[in-house]
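Participant: Below, each chain spelled out in residue letters.
Number of protein chains: 2
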Amino acid sequence: MRHPKLFPLIISAVIFLNPFSLQSQMLGFTEESAVVQKKLEAQFDGLLQAGNLGEWMKQLSAHPHHVGSPWGKANAEFMAARFREWGFDTRIETFQVLFPTPKLRQLELLEPIPYRASLEEPPVVGDAHSAQTDEMLPPYNCFSVDGDVTAELVFVNFGVPADYEELEKMGVDVKGKIVIARYYGSWRGIKPKVAAEKGAIGCIIYSDPHEDGYFQGDVYPDGAFKNEYGVQRGSVLDMPLYPGDPLTPDYGAVEGAPRLAREDSPTLTKIPVLPISYKDAQPLLAAIGGQVAPASWRGALPLTYHVGPGPAKVRLKLAFNWELQPAYDVIAVMKGSTYPDEWVIRGNHHDAWVHGANDPISGMVAVMEEARAVGELVKSGWRPKRTLVYCAWDAEEPGLLGSTEWVEQHAQELKRKAVAYINTDSNSRGFLDAGGSHTLESFFDEVSHNVQDPQTGLSVFDRWRARQMVDGKPEPKEFSLDALGSGSDYSPFFQHLGIASFNLGFGGEGRGGEYHTANDTYEHYVRFKDPGFQYGIALVKLAGRLSLRLADADILPFEFGQFTATVSGYAEEVMKMADKQREQTEKENRLIREGLYKAAADPAKTFITPAPKAEVPYFNFAPLQNALASLQKSTTAFEKARKNVLAVQQQAALNQALMGMEQQLLRKEGLPRRSWYKHHIYAPGFYTGYGVKTLPGIREAIEERQYEEAQEQILILAEVLASFTGQIDQATALLQQGQPPAEALGK
Amino acid sequence: MRHPKLFPLIISAVIFLNPFSLQSQMLGFTEESAVVQKKLEAQFDGLLQAGNLGEWMKQLSAHPHHVGSPWGKANAEFMAARFREWGFDTRIETFQVLFPTPKLRQLELLEPIPYRASLEEPPVVGDAHSAQTDEMLPPYNCFSVDGDVTAELVFVNFGVPADYEELEKMGVDVKGKIVIARYYGSWRGIKPKVAAEKGAIGCIIYSDPHEDGYFQGDVYPDGAFKNEYGVQRGSVLDMPLYPGDPLTPDYGAVEGAPRLAREDSPTLTKIPVLPISYKDAQPLLAAIGGQVAPASWRGALPLTYHVGPGPAKVRLKLAFNWELQPAYDVIAVMKGSTYPDEWVIRGNHHDAWVHGANDPISGMVAVMEEARAVGELVKSGWRPKRTLVYCAWDAEEPGLLGSTEWVEQHAQELKRKAVAYINTDSNSRGFLDAGGSHTLESFFDEVSHNVQDPQTGLSVFDRWRARQMVDGKPEPKEFSLDALGSGSDYSPFFQHLGIASFNLGFGGEGRGGEYHTANDTYEHYVRFKDPGFQYGIALVKLAGRLSLRLADADILPFEFGQFTATVSGYAEEVMKMADKQREQTEKENRLIREGLYKAAADPAKTFITPAPKAEVPYFNFAPLQNALASLQKSTTAFEKARKNVLAVQQQAALNQALMGMEQQLLRKEGLPRRSWYKHHIYAPGFYTGYGVKTLPGIREAIEERQYEEAQEQILILAEVLASFTGQIDQATALLQQGQPPAEALGK
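In order, the protein sequences belong to chains A and B.
Terminal number for the first sequence in numbering that gives the first Met the number 0: 746, no gaps in between.
Terminal number for the second sequence in numbering that gives the first Met the number 0: 746, no gaps in between.
One should not assume that every hint holds.
[Unchecked claim] In silico lysine to aspartate or glutamate, DMTMM-like type, Cα no more than 20 Å apart, as pairs:
1. K667/B with E718/B
2. K597/A with E165/B
3. K597/B with D44/A
4. K586/A with D461/B
5. K604/B with D217/A
6. K57/A with E30/A
7. K604/B with D145/B
8. K472/A with D601/B
9. K472/B with E587/A
10. K168/B with D470/A
11. K604/A with E76/A
12. K72/A with D217/A
13. K677/B with D444/B
14. K579/B with E703/B
15. K612/B with D470/A
16. K586/A with D470/B
17. K472/A with E587/B
18. K269/B with D145/B
19. K586/A with E412/B
20. K472/B with D578/A
21. K476/A with D470/B
[As the list claims (entries may be wrong)] Not the full set, but computed from the structure, chain A residues with beta-carbon under 8 Å of chain B:
22. E508
23. A603
24. I607
Rather than coming from a laboratory, the hints here were simulated on the basis of the structure.
Glycine is no exception: its CB is placed at the ideal position from the N, C-alpha and C atoms.
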């Protein structure tokens with residue numbers, strides 16, 4: 000308007016500078032840059048070699064390589080050397096983390112028929128790696144406390160709170176007992192946590208063949224599933240409280256950092272806990288008497304599942320080496336040409352419970368191949384606009400220790416510089432499985448259309464869509480990202496710092512029972528998971544595009560329409576949940592009050608009518624609804640404004656505003672009773688572990704029947720959303736400093 | 000109106016003669032007769048002795064007593080003698096029925112690892128009866144054809160049509176194969192029927208521990224459930240075509256009756272079929288390869304369930320003694336004082352597969368105790384107004400032979416004289432479980448409030464209601480009768496002749512795996528089913544009240560409001576089903592057409608996209624809806640008119656009209672392809688067996704995608720309902736000849 004004469008010139012320059020002006024192009028890229036980027040991606044794809052993935056997997060999973068093991072250190076050094084070769088500025092950052100390993104493991108059935116659990120995973124015919132028993136950590140649950148307990152057994156199904164409600168109805172109390180729970184149904188760490196809350200003095204976790212043994216398919220080595228000896232190792236750290244080193248909450252576990260006394264750490268278990276195979280579980284379960292377990296509790300062992308307590312009586316004796324171990328995080332940096340202080344971070348862990356061919360090496364080798372190709376591109380003259388940081392985390396298995404300590408150590412810098420974090424872990428044949436920040440959902444959707452499924456030649460989006468529709472879900476228009484809970488290294492980035500994150504992988508057609516056992520080997524992987532590493536390559540293409548586009552975008556491809564719709568959906572869910580809880584509580588209280596429970600129960604069995612529950616109040620959801628209405632309005636304004644044309648400096652300012660966006664969804668006070676978790680849209684469930692709780696403050700308060708807290712959390716979330724909306728408005732203001740496209744075009 | 004002076008006199012006489020005038024009283028009884036009846040029932044209850052039930056059970060189940068066995072005959076004679084002692088005019092009616100018994104049973108796994116099935120049920124420690132192996136029929140499926148077949152095995156889950164659709168998707172064809180199906184999921188006779196339709200040449204049925212073995216509870220003798228050797232015997236006659244003697248359809252199998260040649264009988268199986276234990280099934284299932292069975296198909300054996308075909312190869316060789324055997328029906332009559340030609344019929348079968356303590360003796364001894372008490376009442380001076388007929392049927396187990404032949408033999412007389420048929424069979428601890436004609440639902444509801452549950456002291460209605468509500472069903476206002484399918488002796492009365500029927504029993508807390516095995520013994524019964532026979536007595540009280548009230552009612556307690564509501568509900572269901580099938584067909588055809596099935600399938604496994612299905616047309620349901628509207632109108636008019644006061648002769652005429660009511664729901668042509676089944680509201684499913692199909696003509700035509708037939712059947716049902724409505728109108732006309740209550744009261 001002020002410089003009409005310049006219009007013709009500006010127009011041609013300006014159209015290409017508006018990364019949102021042509022929707023058929025690439026989100027965040029001008030038409031011109033999109034052409035360049037497509038070419039770059041074709042070049043990138045051309046560099047990829049499946050053989051590398053196989054070779055590196057063979058190398059990295061040649062020996063057990065848990066935290067503190069010689070092979071773990073060797074792997075870190077091997078990878079660092081490769082990154083350096085490929086042109087990355089590479090360092091190994093070392094943290095000293097608490098990592099207990101077994102000193103003594105003993106489990107005996109004392110009554111009625113003595114049995115001593117073997118607790119061993121013998122070698123499997125045809126799998127040489129499974130014979131490296133000397134180098135392996137034996138099966139155990141990491142961060143179990145030491146203990147020597149003897150008591151009657153109670154079978155508690157998955158060991159989640161609802162299971163204990165059932166037991167109470169059956170008149171079964173676990174106080175002073177040892178519980179035996181089956182794997183699955185919750186993250187494993189929940190099982191001893193809830194057991195201890197209910198008064199149990201010990202916890203055994205076993206792998207029922209129903210979940211990942213012969214019930215699911217043929218067992219190893221005939222098939223992929225867990226044989227009778229397989230034991231799932233794994234952490235039982237109270238990660239929903241905080242992940243990372245239990246002794247250094249909130250700050251990096253560098254040498255000399257202040258440390259909590261072990262007995263003061265709140266994330267260790269309260270009772271000893273041990274995982275066992277179904278071969279060891281069978282005599283224990285067979286010896287339990289009492290009522291027959293509810294139908295949904297019964298597994299696939301050839302016995303009648305009873306709940307106890309007793310007559311089975313067991314002794315569980317555990318002792319650990321409580322040592323600090325070095326965790327080696329490999330950090331490889333490719334500095335950005337234009338925005339060196341904007342970091343796109345890509346990571347995967349490298350430590351394993353045993354050989355970890357699938358978990359984590361299948362994902363790790365995809366990161367390596369991506370980095371190698373990036374290095375090649377750089378050698379050929381290209382350079383990312385933003386800095387690319389490739390990370391190989393150590394000590395993920397015990398509880399995201401390597402990534403969490405690094406994030407805590409570099410928190411201030413990361414908050415300023417991180418654009419996004421892209422995580423992978425295990426990978427196998429099948430369907431795209433992805434979770435992440437919904438501010439990046441449209442961006443992700445676009446990429447999911449640009450990568451081919453190796454088996455069908457469809458885009459990975461189309462194959463995912465087919466699966467959704469065959470499963471009876473509504474036809475998806477866009478790829479929908481799952482909300483992120485926990486279970487891999489995105490958690491500190493995302494929920495602690497508010498860095499927009501992805502967690503990606505393929506899967507569903509490479510199922511097995513090898514997870515965290517001595518059978519997660521190269522042999523197992525290439526027979527059952529991804530023979531030929533075609534899905535490994537698909538993962539490189541997918542994650543590589545995300546990294547490269549985030550690195551090179553003119554304007555960062557954040558978008559708020561999908562986010563607003565998604566969060567509004569969560570709010571609907573929470574409101575419905577409150578209504579449903581109210582209805583069900585009324586219904587159940589009536590069954591209690593009118594004696595209907597008692598009347599329907601079999602008088603020949605113990606049945607304890609539960610106590611009536613407090614009535615569920617109506618909540619004032621208006622603050623949340625108003626905040627969502629404002630968010631919607633601001634989102635619409637942003638979408639309108641982003642058609643404007645920006646000068647390069649304006650773009651830089653906008654990118655800075657967009658980078659800080661997700662951080663607005665955090666509060667420094669964190670969630671109730673777990674201040675480490677600061678994100679107010681997504682958190683791992685306090686009683687589900689990995690399983691996500693969206694709008695966790697409100698949702699968990701209602702679930703836990705803390706109604707005052709629920710009302711408080713509604714207000715808090717409304718404030719959080721208002722702050723986020725304010726940031727959108729600032730971004731919109733920056734956009735409004737640009738040229739409206741109509742004027743720019745002279746209309 | 001015409002005799003005003005008589006009013007005061009008439010009023011007092013008349014009020015007491017109107018059986019519907021006071022709803023708080025007994026349906027069908029004047030206030031005065033209700034008082035008498037209540038007194039009678041109290042007297043009846045006072046006569047009952049649980050000890051009799053135990054003693055008779057011990058006697059009748061002392062030895063195996065299948066059709067044609069010496070103990071079967073002795074039981075018939077024992078019961079006939081008791082009925083005679085109790086004052087009944089008693090006869091044994093004998094029919095000559097086809098009853099094949101095993102001559103040769105052989106099942107071998109030939110490949111990959113030879114195994115010869117034992118096919119035996121060895122004695123159980125602590126159960127002397129189980130040791131009477133010489134007297135037992137060994138495990139077999141009655142009415143299997145002879146055969147000697149060798150082929151690869153295919154596991155077909157329950158062996159219902161939907162299972163074969165799954166197999167087709169997996170590329171598995173059973174043509175020329177032998178199938179192995181698990182019990183449950185359908186009536187057993189459906190399994191070989193569908194297998195033969197699909198081209199299989201043999202059928203094995205086994206009891207998976209998931210259904211009634213260790214998965215459900217401890218096994219016999221420790222608990223009630225099926226041990227590894229238990230085999231469920233049972234008929235595989237094509238009962239959904241017609242029950243009864245396969246050689247004499249539609250008429251009594253008396254000596255000298257014309258008989259079909261065996262090879263011309265349509266109800267025998269087309270292929271040989273044999274039931275086996277899970278001990279015998281396990282090596283067979285373990286030897287099957289091919290794809291892993293879908294999750295819902297997998298049972299509780301400790302193996303991976305595959306579908307095959309092969310490499311397991313079996314030989315099944317069966318030969319039977321194809322002999323006619325005498326079936327002894329015991330018929331005991333207590334002639335009615337007022338309406339001797341109106342019969343209330345009460346029955347239970349007496350034959351068993353082995354000892355049959357539960358099935359059928361637990362029900363049979365309740366019939367006996369009821370009859371004994373009736374005999375005592377008669378001896379004390381009372382006499383039923385209507386004739387009571389007590390029946391002990393033989394040959395129910397092979398396919399309702401005893402009852403069906405009797406009903407066919409006496410069809411004309413029964414159509415004229417039968418008021419209702421009350422059936423029982425097995426009985427155990429728990430909840431009232433009752434099905435029947437909805438024209439008698441209000442009557443039944445009333446009785447269900449008048450009998451106490453022995454364990455809780457609540458009425459059996461209230462206990463049933465508590466169960467419904469705890470199970471999350473809506474609060475029931477009345478007892479709701481299940482629709483009757485098949486599986487016991489009510490079928491010929493109800494579905495062939497249109498005699499209003501009940502089928503009753505208690506259950507749900509006496510579950511076990513003894514059904515049709517050598518473990519259904521007195522020992523098993525008194526430990527697990529109904530120790531003390533308290534539910535046996537509750538059954539006598541319940542069925543006894545039904546018998547006595549039907550025998551003594553001033554006006555028969557038929558009522559049409561519940562019937563009309565129920566049938567309207569069925570019509571809604573059928574209309575919704577058509578809509579749902581239309582939607583699902585469209586959805587599925589899209590998945591096929593757009594290649595989504597293929598895209599979602601694992602390319603590493605065989606997947607055959609099914610052929611698209613014909614589109615589901617919209618049906619003209621208007622004739623049915625109009626017929627229901629008329630029915631509702633007539634029902635309302637009847638309800639209004641039945642407040643009128645009738646003279647005794649008018650009552651008699653009304654009772655005659657009401658007795659014929661249910662017969663109006665029949666058509667002499669019967670259902671499509673199965674003319675024996677004439678009832679158009681209820682039938683056993685052609686592909687479910689025992690499981691009921693309501694509005695069967697329409698429902699099954701839609702389910703089978705026979706859309707022209709569905710439309711025809713809508714018209715036919717409309718006609719049937721119109722005829723029923725006409726009969727209601729006739730009853731209403733009779734009522735309208737009486738005195739309106741207001742006038743009668745002089746208002």
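Participant: Hint by hint, which ones does this structure get wrong, listed from lowest number up?
Facilitator: Hint check: 2, 3, 6, 7, 11, 12, 13, 19, 21, 24 fail, others pass.
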